[in-house]
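Asker: Sequence:
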Amino acid sequence: VMLPRVKKRPRPVEAGARGQEEVKFNEVTVYLVERKMGSSRRSFLTSLARSKGFRVEYALSDEVTHVVAEDNQAGALWAWLRGSGLRDVSRLQVLDISWFTDSMREGRPVTVETRHLTECSPPTAAASVSQYACLRRTTTENHNKIFTDVLEELAENSEFNESKGPCLAFRRAASVLKSLPSAVHCLGAIQGLPCLGEHTKAVMEEILIFGRSFKVEEVQSDERYQALKLFTSVFGVGPKTAEKWYRRGLRSLKEILAEPNIQLNRMQRAGFLYYRDISKAVSKAEAKALRSIIEETAHWIAPDSILALTGGFRSHRGKEYGHDVDFLLTMPEMGKEEGLLLRVIDRLRDQGILLYCEHQGSTVDMSKLPSRRFEAMDHFEKCFLILRLEEGQMERDGGLQKDPGESRGWRAVRVDLVATPVDRYAFALLGWTGSRQFERDLRRFARKERGMCLDNHALYDKTKKLFLPATSEEDIFAHLGLEYVEPWQRNA
Numbered sequence: 001v002m003l004p005r006v007k008k009r010p011r012p013v014e015a016g017a018r019g020q021e022e023v024k025f026n027e028v029t030v031y032l033v034e035r036k037m038g039s040s041r042r043s044f045l046t047s048l049a050r051s052k053g054f055r056v057e058y059a060l061s062d063e064v065t066h067v068v069a070e071d072n073q074a075g076a077l078w079a080w081l082r083g084s085g086l087r088d089v090s091r092l093q094v095l096d097i098s099w100f101t102d103s104m105r106e107g108r109p110v111t112v113e114t115r116h117l118t119e120c121s122p123p124t125a126a127a128s129v130s131q132y133a134c135l136r137r138t139t140t141e142n143h144n145k146i147f148t149d150v151l152e153e154l155a156e157n158s159e160f161n162e163s164k165g166p167c168l169a170f171r172r173a174a175s176v177l178k179s180l181p182s183a184v185h186c187l188g189a190i191q192g193l194p195c196l197g198e199h200t201k202a203v204m205e206e207i208l209i210f211g212r213s214f215k216v217e218e219v220q221s222d223e224r225y226q227a228l229k230l231f232t233s234v235f236g237v238g239p240k241t242a243e244k245w246y247r248r249g250l251r252s253l254k255e256i257l258a259e260p261n262i263q264l265n266r267m268q269r270a271g272f273l274y275y276r277d278i279s280k281a282v283s284k285a286e287a288k289a290l291r292s293i294i295e296e297t298a299h300w301i302a303p304d305s306i307l308a309l310t311g312g313f314r315s316h317r318g319k320e321y322g323h324d325v326d327f328l329l330t331m332p333e334m335g336k337e338e339g340l341l342l343r344v345i346d347r348l349r350d351q352g353i354l355l356y357c358e359h360q361g362s363t364v365d366m367s368k369l370p371s372r373r374f375e376a377m378d379h380f381e382k383c384f385l386i387l388r389l390e391e392g393q394m395e396r397d398g399g400l401q402k403d404p405g406e407s408r409g410w411r412a413v414r415v416d417l418v419a420t421p422v423d424r425y426a427f428a429l430l431g432w433t434g435s436r437q438f439e440r441d442l443r444r445f446a447r448k449e450r451g452m453c454l455d456n457h458a459l460y461d462k463t464k465k466l467f468l469p470a471t472s473e474e475d476i477f478a479h480l481g482l483e484y485v486e487p488w489q490r491n492a
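In the UniProt record's numbering, the protein residues as written are 1 to 492.
What the hints contain is simulated information worked out from the structure, not anything from laboratory work.
Some clues are possibly wrong.
[Unchecked claim] For lysine-lysine, the following BS3-like pairs were computed, each having C-alpha atoms within a straight-line distance of at most 30 Å: (1) LYS284 / LYS229; (2) LYS448 / LYS462; (3) LYS36 / LYS24; (4) LYS448 / LYS201; (5) LYS229 / LYS240; (6) LYS164 / LYS201; (7) LYS448 / LYS464; (8) LYS336 / LYS465; (9) LYS215 / LYS244; (10) LYS254 / LYS288; (11) LYS145 / LYS280; (12) LYS448 / LYS368; (13) LYS284 / LYS145; (14) LYS229 / LYS215; (15) LYS240 / LYS288; (16) LYS36 / LYS52; (17) LYS254 / LYS229; (18) LYS464 / LYS368; (19) LYS244 / LYS164; (20) LYS229 / LYS201; (21) LYS145 / LYS229; (22) LYS284 / LYS402.
Let the sequences and hints guide you as you build the complete structure.
Answerer: Pasting the structure below:
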């Protein structure tokens with residue numbers, strides 16, 4: 001089937017008429033495919049659309065957002081578009097003439113419905129998208145946030161319901177969509193992609209048609225979901241405790257504090273005491289200030305100590321906000337890290353900035369490692385802290401995150417500090433960088449594809465029956481036969 005040849009950026013005479021009409025809908029640029037439509041009808045429809053404030057281009061270019069065809073075979077149409085030299089074909093809305101006629105009748109670009117779509121031929125190279133997040137690089141920008149936000153909320157609801165299968169399925173689907181280089185505009189574009197089950201596709205179709213998910217709206221309005229989400233936002237409260245409180249008829253934080261039969265543990269009491277502060281986002285500037293404080297403290301005790309910022313602020317390039325701040329601490333010589341973390345805690349207490357601390361000693365037992373249980377917390381020495389961050393400790397380019405009108409010159413911030421032996425440092429750095437789905441898939445890949453066992457402590461080759469050494473994350477990727485993935489490309 002012969003379709004018209006695409007020119008790069010011609011300026012046809014007809015396009016000059018465009019300037020005489022006022023463009024009302026700048027977000028939409030239409031291209032009408034002449035084949036089957038005919039030049040006369042195409043000219044008439046172009047004039048009609050322009051008279052109603054639409055921008056219509058005679059030449060196909062990267063400015064076009066909506067391609068409209070009449071009675072064209074979908075396969076030939078997509079093949080032509082893919083060979084047109086456009087930078088990103090997948091971003092196009094490729095539509096039947098029915099969308100155009102509906103838009104002309106309404107006098108505005110109507111919402112794209114399933115009936116408006118041509119039979120989609122996937123522009124995404126589905127075969128190149130791996131089921132493993134460790135073989136996909138997350139793009140700097142999430143082009144499919146409209147889907148991933150919904151899927152992650154459904155995953156959270158499944159977690160509250162202790163439905164591990166659906167929870168994992170939604171998280172894996174969101175992870176795949178985050179890795180795509182462009183937005184999905186029709187279901188055909190996800191054909192052949194891994195980890196996208198029927199439930200996920202049904203949710204996506206609903207969003208494509210209506211611009212919203214009725215399923216997630218139903219979840220958001222559910223009383224139990226609202227209560228569990230609120231309760232688990234308190235430091236020290238997990239899903240099981242939240243469920244227990246919900247079943248006792250409690251629905252608010254005020255009701256929990258007023259209930260005489262509830263005995264809060266020490267962590268939960270701190271969570272309620274500093275709730276207003278630690279429920280706020282932590283800024284990059286605040287994370288930077290905390291790093292300076294802890295690094296200065298560690299170096300005052302041990303000048304050759306090594307401190308690394310981990311968690312979300314390491315795995316998201318350009319991330320401006322997070323929930324807490326995570327650090328990894330070690331010494332260049334084996335055994336020298338012992339006692340360092342407790343001395344750092346004492347020093348923070350002496351400085352008057354330690355508001356809460358729960359210290360857990362090391363329980364590392366190499367005979368029981370690596371663990372196959374992803375959820376198992378690692379066994380390194382660690383402490384869960386709430387620190388007082390003063391306005392004066394911030395650099396000039398950023399202030400504290402405070403409520404409007406707040407005059408207090410400090411805020412409480414959640415900090416996790418983990419100490420490891422230097423020979424375990426690379427494994428801990430990889431494990432604490434995240435994201436959760438990336439780490440889960442990296443371990444699954446090691447087990448299923450390489451016959452190895454990986455966790456935050458070690459990498460064990462089950463064939464050779466030995467632990468593989470690593471002094472850097474790059475060493476671990478090399479042992480697994482993988483290309484190194486930068487931290488900011490792991491936001492799976």
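Asker: Tell me if the straight-line CA distance from LYS229 to LYS240 falls inside 30 Å.
Answerer: holds (12 Å)
Asker: Decide if the proposed pair is consistent with the structure: LYS284 and LYS402, CA atoms, cutoff 30 Å inclusive.
Answerer: holds (14 Å)
Asker: Assess, step by step, whether the Cα of LYS164 is no farther than 30 Å from the Cα of LYS201, and give holds or violated.
Answerer: holds (19 Å)
Asker: Between LYS229 and LYS215, is the straight-line Cα distance small enough, at 30 Å or below?
Answerer: With Cα atoms ~17 Å apart, LYS229 and LYS215 stay inside 30 Å; holds.
Asker: Given the hinted pair LYS254 and LYS229, is their Cα-Cα distance within 30 Å?
Answerer: holds (15 Å)
Asker: Need the status of pair LYS284, LYS229: alpha-carbon distance at most 30 Å?
Answerer: OK: LYS284 and LYS229 at ~25 Å, within 30 Å.
Asker: Checking one constraint from the list: CA of LYS240 to CA of LYS288, max 30 Å. Satisfied?
Answerer: violated (34 Å)
Asker: Under the criterion that the straight-line Cα-Cα distance not exceed 30 Å, is the pair LYS215, LYS244 satisfied?
Answerer: Holds: LYS215 and LYS244 sit about 25 Å apart, inside 30 Å.
Asker: Would the hint linking LYS448 and LYS368 be met if the CA-CA limit is 30 Å?
Answerer: holds (20 Å)
Asker: Holds or violated: LYS284 and LYS145, Cα atoms, limit 30 Å.
Answerer: holds (22 Å)
Asker: Quickly compare the C-alpha distance for LYS448 and LYS201 to 30 Å and report which way the hint goes.
Answerer: holds (27 Å)
Asker: Is LYS464 close enough to LYS368, meaning Cα to Cα at most 30 Å?
Answerer: holds (17 Å)
In this structure, the hints that do not hold are numbers 10, 15, in rising order.
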